[in-house]
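S.K.: For reference, the chains in residue letters:
Protein chains: 2
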Amino acid sequence: MANISGNTTLLGGIEAGGTKFNCVIANCAGDMLAQRVIPTTTPEQTLNACADFFHENQASVGKISALGIGSFGPIELDKRAPAYGSIKKTPKKGWSNTQIVGFFKDALDVPVAFETDVNAAAMGEFTAGVAQGCDSFVYVTIGTGIGAGVMIDGKLIQGIAHPEVGHMLIAHHPLDEPKISSCPFHASCVEGLASGAALNLRFAEGIHEVRDNHVIWDIESHYLAVLCVNLTQTYSPRKIVLGGGVMQREHLLPKIRKEFLRLINGYAHELAIEGVDDYLVLASASGLSGVIGALALAKSVRNS
Amino acid sequence: MANISGNTTLLGGIEAGGTKFNCVIANCAGDMLAQRVIPTTTPEQTLNACADFFHENQASVGKISALGIGSFGPIELDKRAPAYGSIKKTPKKGWSNTQIVGFFKDALDVPVAFETDVNAAAMGEFTAGVAQGCDSFVYVTIGTGIGAGVMIDGKLIQGIAHPEVGHMLIAHHPLDEPKISSCPFHASCVEGLASGAALNLRFAEGIHEVRDNHVIWDIESHYLAVLCVNLTQTYSPRKIVLGGGVMQREHLLPKIRKEFLRLINGYAHELAIEGVDDYLVLASASGLSGVIGALALAKSVRNS
Chain A
1 MANISGNTTL LGGIEAGGTK FNCVIANCAG DMLAQRVIPT TTPEQTLNAC
51 ADFFHENQAS VGKISALGIG SFGPIELDKR APAYGSIKKT PKKGWSNTQI
101 VGFFKDALDV PVAFETDVNA AAMGEFTAGV AQGCDSFVYV TIGTGIGAGV
151 MIDGKLIQGI AHPEVGHMLI AHHPLDEPKI SSCPFHASCV EGLASGAALN
201 LRFAEGIHEV RDNHVIWDIE SHYLAVLCVN LTQTYSPRKI VLGGGVMQRE
251 HLLPKIRKEF LRLINGYAHE LAIEGVDDYL VLASASGLSG VIGALALAKS
301 VRNS
Chain B
305 MANISGNTTL LGGIEAGGTK FNCVIANCAG DMLAQRVIPT TTPEQTLNAC
355 ADFFHENQAS VGKISALGIG SFGPIELDKR APAYGSIKKT PKKGWSNTQI
405 VGFFKDALDV PVAFETDVNA AAMGEFTAGV AQGCDSFVYV TIGTGIGAGV
455 MIDGKLIQGI AHPEVGHMLI AHHPLDEPKI SSCPFHASCV EGLASGAALN
505 LRFAEGIHEV RDNHVIWDIE SHYLAVLCVN LTQTYSPRKI VLGGGVMQRE
555 HLLPKIRKEF LRLINGYAHE LAIEGVDDYL VLASASGLSG VIGALALAKS
605 VRNS
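Line by line, the protein sequences are chains A and B. By the working numbering, the letter at position 114 of the first sequence is numbered 114, and the numbering carries on one by one without gaps. Numbers in the working numbering are just positions in the second sequence, counted from 1, shifted up by 304.
Don't read these hints as lab results, they were simulated from the structure. Glycine included, C-beta positions come from ideal geometry on N, C-alpha and C. One or more hints might be untrue.
[Stated by the list, open to error] With the C-beta cut set under 8 Å, the calculated list includes, among others, these residues of chain A facing chain B:
no., residue
1, 163
2, 167
3, 172
4, 186
5, 188
6, 267
Looking at chain A on its own, in the form it has when it is part of the complex (with noise of 0.2 Å):
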């Protein structure tokens, strides 16, 4: 970590997740000044650590000029909507209705730029990660949830909502008995039969104990190439970054490729099908995409 500032602008980044929020200030080159990293408990006690960070930071490296943050959600992005910039109802107890943005508004006086976790981390692999000059791609997380970050030319796509492909429809797996599913609402949705919680469902002693030959990681291949084949066939994107704990097996990567390349037969460009190996990807591996990301948002929303 570096320790001196120059005199270039400062920017502040939060990665808000369910479990850490993790704090930076940064230069506009990108190298870090100052980091913390804070447990998610109460939302008053979290955002006013994460403020203390800023404050007491900035009373040695400098003023940052704008924060950028990527936050668990579901999140409210519409900024015509009263409650933009607040976590919506959310099963992350007492943090439903929390307003975030204003939060760091009132308490750091500079612009504000928030998105999703996924779209934070999408900018970080597009900014300093593996879709670095690929300005058309799917970032995945495949954790606790399923969910994605997307990029078409350049620009993180929205919609309504917020894209949710963890709660896409898909076939349950003939060899995945019984049903069970870790999703509340879908009973065969990605999320529900592959995310990391939907794992550890189907096994008392918990997924990290069971074995690279169990056939659970076939069923699991199975599941995440149909949905890189469906992000496929919809988004038509350069490049599926794949990230989360549950990739960390390292075996998985090798098994999905296949498994796609069977599912999708043929039926795709070139890039995805000869170039499979530069199509499926795993996520770069420092852990700070999110960070980087949200440094990134953070960049385009100050006053230059």
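With chain A fixed as given, assemble chain B onto it according to the hints.
M.R.: Below, chain B without anything else, positioned relative to chain A:
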């Protein structure tokens, strides 16, 4: 059809389908000054007949300043590719590797805009149909095949090829036996299960003869509802516009809406749930979306 152009700029449009090419000349206000429907036979015959239409009518109404084409496919849309502007490998006999854009640039000496037929139809719905003023929506055609044009923030999305949402993989309906797919690539994609071709494969007498109370319509509306759920979870659009021959069965749309609400089970923006009657809608009845969209495309490339 109006007979005078005045001194305004004229535009040409072609809806290039597998059965017919619909050619028009219009002024910038959208008044159609000349129109001719040309059957799709061989590329040489069809394309020359189109060129003749423009030459003959330009002599009376005036020269067009640009041409827009919405074409059946698959087509090459990558402007950096040598085959840009051509129909790629297609089941339509004799049409594989036909250069469309080059032909009309040579024949008419004007800038040519080239898009998929569904993108042109989407543009038509946006310009003068049910999606006016709605800059994020999906236009789906359920005809012989199933395809979609997708507008996000006012721009048609493309990616490395173009969306092929008909080839999204979905679950077989348990009552849809024996298992039949009209898609040569996939045993269980939307097009293979729910297109007009798929329906016709199930009935020797043709789907037109099948009554509204047959169970096939429950199955069909289920498949199309799954498609609508998955389009909702990927694109998060403001509206889904359903067109094509299959949607002319009037009892289908209410069934799709009902099944969509059951399947998505509340997990979407209220505009898609409470507002479902404005969210899942039929395409404009005029059948002119394709040529109106082609004219809008022409407008976007003319030298002003």
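S.K.: If a hint holds in the structure, say so; if it doesn't, say that too.
M.R.: So, going through the hints one by one against the coordinates:
For residue 163 of chain A, the shortest C-beta to C-beta distance to chain B is roughly 5 Å, which falls under 8 Å, so the interface hint holds. Hint status for residue 167 of chain A relative to chain B: holds, with the closest Cβ pair at about 5 Å, below 8 Å. At about 7 Å, the closest approach between the beta carbon of residue 172 of chain A and any beta carbon in chain B falls short of 8 Å, and the interface hint on this residue holds. Hint on residue 186 of chain A holds. Least Cβ distance to chain B is approximately 6 Å, under the 8 Å limit.
The closest approach between the C-beta of residue 188 of chain A and any C-beta of chain B is roughly 7 Å, which is under the 8 Å cut-off, so the hint is satisfied. Contact between residue 267 of chain A and chain B, as hinted, is supported at the beta carbon level, the nearest pair being about 4 Å apart and thus within 8 Å.
The structure agrees with every numbered hint stated previously.
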